[in-house]
Each structure stands twice: as C-alpha cells, then as structure tokens.
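**Q** Following the hints, complete the assembly by docking chains B, C and D onto the known chain A.
Chains as they are written, first to last, in our numbering: chain A, 18 to 172; chain B, 18 to 172; chain C, 80 to 162; chain D, 80 to 162.
One should not assume that every hint holds.
Using C-beta positions, here's what the derived DEER-type ranges look like [stated by the list, open to error]: (1) C:K142 <-> B:G63: 47 to 55 Å; (2) B:K160 <-> A:N20: 26 to 34 Å; (3) D:S104 <-> A:A35: 57 to 65 Å; (4) D:A130 <-> A:R91: 35 to 43 Å; (5) A:A29 <-> C:K139: 21 to 29 Å.
Below, computed lysine-lysine pairings styled on BS3-like, alpha-carbon distance capped at 30 Å [claimed, not checked]: (6) D:K81 <-> B:K145; (7) A:K145 <-> C:K139; (8) A:K165 <-> B:K165; (9) C:K139 <-> A:K165; (10) D:K94 <-> B:K145; (11) B:K165 <-> D:K139; (12) C:K94 <-> A:K145; (13) D:K94 <-> D:K139; (14) C:K81 <-> A:K145; (15) B:K165 <-> D:K142; (16) D:K81 <-> D:K142; (17) D:K94 <-> B:K160; (18) C:K139 <-> A:K160; (19) B:K145 <-> B:K165; (20) A:K160 <-> C:K94; (21) A:K145 <-> C:K142; (22) B:K145 <-> D:K139; (23) B:K160 <-> D:K142; (24) B:K160 <-> D:K139.
It should be emphasised that the hints constitute simulated quantities derived from the structure, not laboratory data. Even glycine gets a Cβ: it sits at the ideal position worked out from N, Cα and C.
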Amino acid sequence: MSNVPVSVRIQAEPFDTAAEVARLAEGRTDVGAVVTFTGLCRAEGGRLAALELEHYPGMAEEEIGRVAQEAAARWPLQGVVAIHRHGRVAPGEPIVLVVTASAHRAAAFEAAEFLMDYLKTRAPFWKKEHHVDGTAGDWVEAKDADDKAMERWGR
Amino acid sequence: MSNVPVSVRIQAEPFDTAAEVARLAEGRTDVGAVVTFTGLCRAEGGRLAALELEHYPGMAEEEIGRVAQEAAARWPLQGVVAIHRHGRVAPGEPIVLVVTASAHRAAAFEAAEFLMDYLKTRAPFWKKEHHVDGTAGDWVEAKDADDKAMERWGR
Amino acid sequence: MKVVYFAWVRERIGKPEEEVSPPESVRTVADLAGWLAQQGEEYAYAFENPAVVRAAINRKHVKPDTPIAGAAEIAFFPPMTGG
Amino acid sequence: MKVVYFAWVRERIGKPEEEVSPPESVRTVADLAGWLAQQGEEYAYAFENPAVVRAAINRKHVKPDTPIAGAAEIAFFPPMTGG
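Next up, chain A with everything else stripped away, as it sits in the complex (with noise of 0.2 Å):
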C-alpha cells in the first residue's frame, strides 16, 4: 500500500469535480498537475430517457480501490479521487469521475486513463437503457474497443 491519499466512492447521488480537485490539492504547494476525468451520460439522439446503473456492492469499493493503489504504485501520484455513481442517471448527468495530481502531467493523464480503462472493463458496474417511450431497452453491450484499451496496460 503506497501512502497517496486514495479515496474510492460508491454512490446514487451526484458529485461535485470542484471539490474533489479541492480536496486533492488545496493548501498544498508540490502538486503541478491535475488531470479529472468526467464520464456522462448521453441521450443516443434522444432515445435514451436514463441509464439505469447496477452494481456488485462491496465488490465495487474494493475492486477499484484495488486499481487506485495500483495507480498509485505505477506513477508518482499525491493523490486519486475515483467515484462511481449507482441508479438512475438521466441524460447529462454525471456517472463517473476519476482525479489524479501530481507533480507532473504525464503521470496524471497516464494514471487517470489507466483508471478509466480499468473502470470501463472490471469494475462491476452494468448499465441498461430506459427508453423515452417508457419501456426499458436492453443492457448495453460491453466493447471491444475498451478490452483493447486495457489491454495497453499489460494486465
């Protein structure tokens, strides 16, 4: 376990980005960089009334407080913020947000895609459309293209 500050949450409610940045770099003076990352929501061109957004609980927490260490034992990070939000998430609605600081901009942006990737692939998170027509629609497949993503990281 490194000594970076990591905070991992689980939650139905919305996040404010502001004030995990804040909470990650106010009132320190060796951060240089800040890297967040905010995954939203989107309509599909009106289609989608709300993702619906079930998780594994307990498993959720530990496994990608898991990944945040092992950020954190990969780059030269002061510290991680990951929040995975859990419901109903209407179009334009926040669902996820990964922070990374550091003293320098390659290992923030590394670290928070490297987050990102991991989320996208093992947490255990699985979302199904609602449509607007008020009947729900089908869980959403999982891609390829994050498989490959993760890949990149050699695990």
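**A** Relative to chain A, chains B, C and D alone:
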C-alpha cells in the same frame, strides 16, 4: 475552421474550472466525456515565492487558438477551452487550464494531452522564478522531455 | 454456498441470490456454471453462452478453472459496462 | 522594421522593442540575428548562442532561414516554458 466551440483566453486572473466545464457540457446530452487538465505553480521544496509569467500578447492568443482548432480538426471534439495566466503566480495557484469535451473518452484524453504538450513547447510564455529570500531567480529552462512529448504528435 | 447474480444473468434466473449445494464433482467455477445450467430453463437461458458469463469469488475476479472450494460467495455476471 | 524581445533576450538587450533598419544584405531571420549581435555588447550577449534564440514573424513561429522581407513585427525569444 471547425464548428466546435473553442474558447482561448490569456488572463492575469485565476480561473474557475467548474464554470469552464459547465460552459462545455451544461444543457447538452451528447457529451460523454470531459477531461480537464490544471497546471499549478509548485513551491519547488519551499525555494519559490512565485513564478512570473511573461507572454507575447497577441501571439499567445493566436497561437493557442490555432492549435485548439487543430485539435478540433484532429479529434471528434464537442468543445475546447484553453486558459493561460500571465503575471505573478504563487505556489499552489493554477497557471493553465485545458478542458476537452467529446462523445468518447479517448478523444477527450488525447486532445487534452496534445494541447498541453503544445502549450509547453510552442505557446509564447516564459517563466521566471522569484525566490522566497526576495531575489529574482533564473528563467526556467525548457525541457528536452517536453520537446519529445510534442514530437509524438507528428508536428 | 451463496451464489449471486447481476444484470441480465440475474434477470434471466429471476433472483438476485440463492444458496446452492452442488455435488462434490463440481470443483471449479466452470463446473458450477455447468451444473447451474442444468437446474431449469431459466438457468439454461442465463448460461446458454457460458464463455460470456464472468465470475467472482469472494468479490474478486476469477477465471473459469478457479477451484470453488472454500468460497463464501460466488458471483456470475455479464461483461462489465461501467465507467 | 519593428523588433520585439521577450524573457532573457529582452533583459539582456535592455529593452522590450525597437525600430531597426538593417542593410539590404540582411535577408533572413538568421541574418537579422547576426546583424543585431553586432550592434553592441548587450546584443552580442543576447545572441551569444544564436541556435537557442527562437523567432516569430507577425506572431507566427518561423525558422532561421525564413526571409524577413515585408515583416511588420519580428520577435526574438528563448525556448518557451509555458504550460
């Protein structure tokens, strides 16, 4: 010129990252990914009282505008913000902000990295160190690593 | 042994979790999936393409050839689509 | 022809900008830097390592062999360190 909203600003004042993200994503339901990069002034182990950022007025806006348009032509972006401060910046304060929005995360990440690599090596800004003992320090030297990072984009 | 299901695996089987007592010949995750597939139409439907269904033991991802001996909780679910 | 200087090029020369009238033999950015280097100690100091000094014509980056004919504003500065 693309139709992507591109906002480039050179200013002495700090910026509000949350407001800039909202500018790109709020009220839209087609944005799937927002990446922000914030570059901050480091104290360099307590040695530094401030960085003084000199710039070439006019050219700074034009040059960053050109590369933001190039990013918008190269990746399927939905919006770009690039803000660079000039003048005196204290440790812990932000210097530069890049925000990219796209339907998909790879484009948002790559465009943000491209813009930052560009800003480091081609935007007409120069940093001078001011020491805590009141003396003016040296001009920060350009890094080979930054030139190498830029070269990967084939420019 | 507690088994939990998620997403369309859960929907097809019609319940989120259950206690199961497979015979001793069921040693691996793949064995368990194969045995479950024989427990009724809804199970056969859930495991109709066993290569697609992923598994976790005690909240950690595992491969089909992982032994299930000593597992407190085994989960079956589709490929993940979070993020 | 207006010439502007930034960062330590500006500090060494001791002024941020000036009007200059080089002879006709000065055709390129490199020619201009070489001619400026002969205009006094402070200029010689600023251009002591001409390979390090970058240039822009009318606010666009240019290479040393770029012709200066018709330039409204030529800038000389060290490698950039923004971001």
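**Q** Now look at each hint and say whether the structure bears it out.
**A** Hints and how they fare:
{"no.": "1", "hint": "C:K142 <-> B:G63: 47 to 55 Å", "in the structure": "holds, 50 Å"}
{"no.": "2", "hint": "B:K160 <-> A:N20: 26 to 34 Å", "in the structure": "holds, 27 Å"}
{"no.": "3", "hint": "D:S104 <-> A:A35: 57 to 65 Å", "in the structure": "holds, 59 Å"}
{"no.": "4", "hint": "D:A130 <-> A:R91: 35 to 43 Å", "in the structure": "holds, 38 Å"}
{"no.": "5", "hint": "A:A29 <-> C:K139: 21 to 29 Å", "in the structure": "holds, 25 Å"}
{"no.": "6", "hint": "D:K81 <-> B:K145", "in the structure": "holds, 25 Å"}
{"no.": "7", "hint": "A:K145 <-> C:K139", "in the structure": "holds, 23 Å"}
{"no.": "8", "hint": "A:K165 <-> B:K165", "in the structure": "holds, 26 Å"}
{"no.": "9", "hint": "C:K139 <-> A:K165", "in the structure": "holds, 21 Å"}
{"no.": "10", "hint": "D:K94 <-> B:K145", "in the structure": "holds, 17 Å"}
{"no.": "11", "hint": "B:K165 <-> D:K139", "in the structure": "holds, 21 Å"}
{"no.": "12", "hint": "C:K94 <-> A:K145", "in the structure": "holds, 17 Å"}
{"no.": "13", "hint": "D:K94 <-> D:K139", "in the structure": "holds, 21 Å"}
{"no.": "14", "hint": "C:K81 <-> A:K145", "in the structure": "holds, 25 Å"}
{"no.": "15", "hint": "B:K165 <-> D:K142", "in the structure": "holds, 19 Å"}
{"no.": "16", "hint": "D:K81 <-> D:K142", "in the structure": "holds, 18 Å"}
{"no.": "17", "hint": "D:K94 <-> B:K160", "in the structure": "holds, 27 Å"}
{"no.": "18", "hint": "C:K139 <-> A:K160", "in the structure": "holds, 22 Å"}
{"no.": "19", "hint": "B:K145 <-> B:K165", "in the structure": "holds, 23 Å"}
{"no.": "20", "hint": "A:K160 <-> C:K94", "in the structure": "holds, 26 Å"}
{"no.": "21", "hint": "A:K145 <-> C:K142", "in the structure": "holds, 25 Å"}
{"no.": "22", "hint": "B:K145 <-> D:K139", "in the structure": "holds, 23 Å"}
{"no.": "23", "hint": "B:K160 <-> D:K142", "in the structure": "holds, 20 Å"}
{"no.": "24", "hint": "B:K160 <-> D:K139", "in the structure": "holds, 22 Å"}
Against the hints set out earlier in the document, no violation occurs for any number.
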